[in-house]
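Novice: Each chain, letter by letter, is given below.
2 protein chains.
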Amino acid sequence: MANLPYGVFSRGGDTPRCGVAIGDHVVDLAALAASGLLGEAARGWGLDEPGINSFMAAGPEAWAALRARLTDLLAEDGSADLRDNAELRARALVPMTGVSMHLPFRVTGYTDFYAGRQHAFNSGSILRGPQNALTPNWPHMPIGYNGRVSTVVVSGTPVRRPLGQVRSEGTEMPELTACRRLDIEVEFGAVVATPTEMGETLSVAEAWEHLFGFVLLNDWSARDIQRWEGQPLGPFQSKAFATSISPWIVTRAALEPFRCGPPERDTPLLPYLQEPEDYFFDLTLEAHLTPEGGTPSRIVRTNTKHLYYCAPQLLTHHALCGCRMQTGDLLGSGTISGPEREAFGCLMEQTWGGRDPVDLSAGGSRVFLEDGDSVTLTGWGEVNGQRIGFGRCEGTILPAPQKVGRTG
Amino acid sequence: MANLPYGVFSRGGDTPRCGVAIGDHVVDLAALAASGLLGEAARGWGLDEPGINSFMAAGPEAWAALRARLTDLLAEDGSADLRDNAELRARALVPMTGVSMHLPFRVTGYTDFYAGRQHAFNSGSILRGPQNALTPNWPHMPIGYNGRVSTVVVSGTPVRRPLGQVRSEGTEMPELTACRRLDIEVEFGAVVATPTEMGETLSVAEAWEHLFGFVLLNDWSARDIQRWEGQPLGPFQSKAFATSISPWIVTRAALEPFRCGPPERDTPLLPYLQEPEDYFFDLTLEAHLTPEGGTPSRIVRTNTKHLYYCAPQLLTHHALCGCRMQTGDLLGSGTISGPEREAFGCLMEQTWGGRDPVDLSAGGSRVFLEDGDSVTLTGWGEVNGQRIGFGRCEGTILPAPQKVGRTG
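Protein chains in written order, with our numbering: chain A, 1 to 408; chain B, 1 to 408.
Some hints here could point you the wrong way.
A short, non-exhaustive set of chain A residues, derived as facing chain B with CB atoms under 10 Å [stated by the list, open to error]:
hint	residue
1	T108
2	R148
3	E169
4	G170
5	P291
6	C321
7	R387
Note that these hints are calculated values from the structure, not bench results.
Using N, Cα and C, we set each Cβ at its ideal position, and we do this for glycine too.
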C-alpha cells in the first residue's frame, strides 16, 4: 500500500513541476517522463507543468497506468529501470528537505459546501437556536456557494487578518475594523479531474469517476464580517481573504482502504443524489494551534466519516443545473464536526459563538485566532498499522492592514 | 468621439485574436501590431491572444497610447500609415459580417453584486414584504456573491434550461424538475484590468484606475431553484447554468461623456466607500424578448444611473478583506431597475413574483421564459445626437435535459 500523492515542487528557484512523494523524497515526474521511463503516453501528461491539471485531464486510465508504473519503478523488487540508473536516480529522486511546494494544481474553480450535519446544526443553533438550526433544504441537498479562487493558496502561505465591515450587537451603524473573530474551518477538499460540458449533468457514479483525489483545506473565516454581510446572498469577504490547501493530492486509489458508508439519514434523498456504492472515507483530521514562538496544542480531532454528503454527491449536485465542471475545480466539504467538542471543526463551534474559551494544552487559551498564531491541519487513514497521510496544511496570521488603499 | 471597443474575433475558423470595432469593420489588432504600425510597445500587449487580458494588464498608459494611435490611424484626416497601405488595409480591416465573436477576455473571476436599490427593494418586497425588503447591511455596503466563472459565455451561446431541486408552496418534499421560473437579469459588468496582491486593499479612486471597461451582462436566473436553495448561503445552482456577456468591452475612455453623480443616499457611507468623483454613468439599457419564430418585443428599458453603488465601489469593497483581484475579474452590478414597471430589470419584478403576466407588444405574454425564447440586451449612451453603443448580448433558451447523467 503506497500513497504516491501528487504535488508541484521546485528546488532552488527552478521551474515548478510535478512530483510524487515517496518517503523522504520527491520523485521528479518531469525528469522521469523526459527519460522515457514512463512510456510514450506520458509525454502528453504535462508532467513538466506547474500543475497536475493536464495529467488529471488525461483521465482514469492514465492515472492507473502511472500509478502502476511508479509502483513498479519504486518497489525494491520491481523494475530495475530506475534502480540501476544512478544518474537518473540522482536527478529524479529529490530530497524532500530541499524543495519548495506550490499549489498542486491550477485551481480553476472553488466551491465550498456545507456538507457536515453536526457543523450545520451547531452553527445554525448558535445563530438561530436549535429549533431552527437546519434550514429545510439541508437534508435534501448539499448546500454550497462559490468561493474565491484567487486566494486559494498552498500550505505555508501567510494569512493577513482581513479588514471588513462589522456591526456590533446593539449598535445601529457598522464600522470598518480589523476582524476580531478570526477562525479556521477544518475541511476535506475534492479535486475534479475530468470536465463536463455546459448543459451536461452527472449521476453520482459518474461523478466519482471525474474525481482525482483529495486535499486538506482550511477555510479561514472572519465570523464578525460574515455575520454582518451574510444576508441575503451568503458569505463573501468573510471567506475571500484566504483558503489554504495541503500541497499533496492524495488519490482515490490510495484511499481505497478507507472507504466507508454514509451516515444514517432520516430523510430519503432524491434519486439523483443516491449513492450506488460507498463513497465516504474513514480519515482522521486534526488541527493544531501554535502561538507565535510557542508550542503546538491540538485543538481539533475529527473524521471525514462525519460528513453527510460525499464528494461525488457534491459534484453531482454542482453539475445538476448544467454548470460546466472543469479540470481543477476544488470542492470543499464544509467544516467537519463530530459529536464531541474536540471534534468540532472550528473555533466558532468549540467556543459556542465566542462564549467559552478553548484551553490550549501548551498553556493559555483562545476564543478566536490572534496575530502570530499558526494553525496546522493534518490528516491520515490507518489500516493494519499502516498510515496514508495528507501532509500538512499550515498558515500563520499576519496583522491587518493599517488603512484602506495605497493612498488611503 | 469614437467608441473603439475591444473584442476577440475569428474568421472562417482561424485563430481568435484581439480586435477593435469601427463602423462595419473589425480592426485586426494582431495584424496591426505585427506590421509595426502600433510601435514597439505593442509587441508586449498580446494582441494576437484570444483575450485582451495581457493588454488590460499593461495598464492605463498602454490603453491611452493605443486609443490615441488607433484614433489617428482611423481618422480621415489622420496618419496615412494605414490609409495608404492597401495591402495592410485589406488584411487589417475585416468586414464585421464575416466574423465570429468570442469572449472578449479570459474571465478569471466573476462576482455578482446587488447594487441596485430598486431591485433589492422589489425582490425583497416580493419575498419578505416591503417592511423587511432591504436587509440592514444593504445601505452600508455593496452586497455581492461569487458567481460561477465556467459558464460565463459570449452573446449568442444557447442557454439550456436547468434541472434543479424545487419545493412548491405548501408541499413538504422537494422534487427534481426542469426550472419553471426561468428569468433574466439586466446588468452592467465591469472588467478589472490590473491586479492587486493578496492582502492589498484599494481606495475608491485607486479602484477606478484598475478598471478597463464595461460589458452588458445577462445573469440568467432560475427563480424556483433559487427560492429553495438560497438559505443560508445564497444563490448557487440557480445562477450557475449561464451568464451571458456582450462581445465588446466599451472602455472607460469611451464612456467619459456619460459620467454622472451618485443617487441620493439617506445613509452616509463609511469613508472607505465614499467616491471623490462621479463614477456613475447615464446609459440606457434595454431587453427585447423574441419568441421562437416571432418578432422582438421590448420588455425592459432602464438606465445604469439607477445603481446605488458604482463599479469602483464594488471593487474597493471586494478587495477590502485582502482578496486578490485579477486581470479579467468580471463584476456584475446586479439587476438594474428604475422606478417604473418597464424599468424593472427582470421578469420576477415585472410580474411581481409571477403574479402579473407581461404583455408582449408583438403579441402574447410571458410570466417567465419559455423554451425557444431569445432575449437580447442592448445599451448605449447618447450625447449631442451621437451614440456610444454596447452591441448585443443575446441568448436563446434550449429545453432542459431529460435525465441526470449519461446513464441516469
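Novice: Now tell me if each hint is right for this structure.
Specialist: Hint by hint, here is what the structure shows:
1. T108: Holds. Min distance 7 Å.
2. R148: Holds: closest Cβ of chain B sits about 6 Å from R148(A), inside 10 Å.
3. E169: 13 Å, violated
4. G170: At 13 Å from the nearest chain B Cβ, G170(A) fails the 10 Å test, so the hint is violated.
5. P291: This hint is violated: P291(A) lies away from chain B, its Cβ roughly 21 Å from the closest one there, beyond 10 Å.
6. C321: 4 Å, holds
7. R387: Where the cut-off is 10 Å and the nearest Cβ of chain B is about 33 Å from R387(A), the hint is violated.
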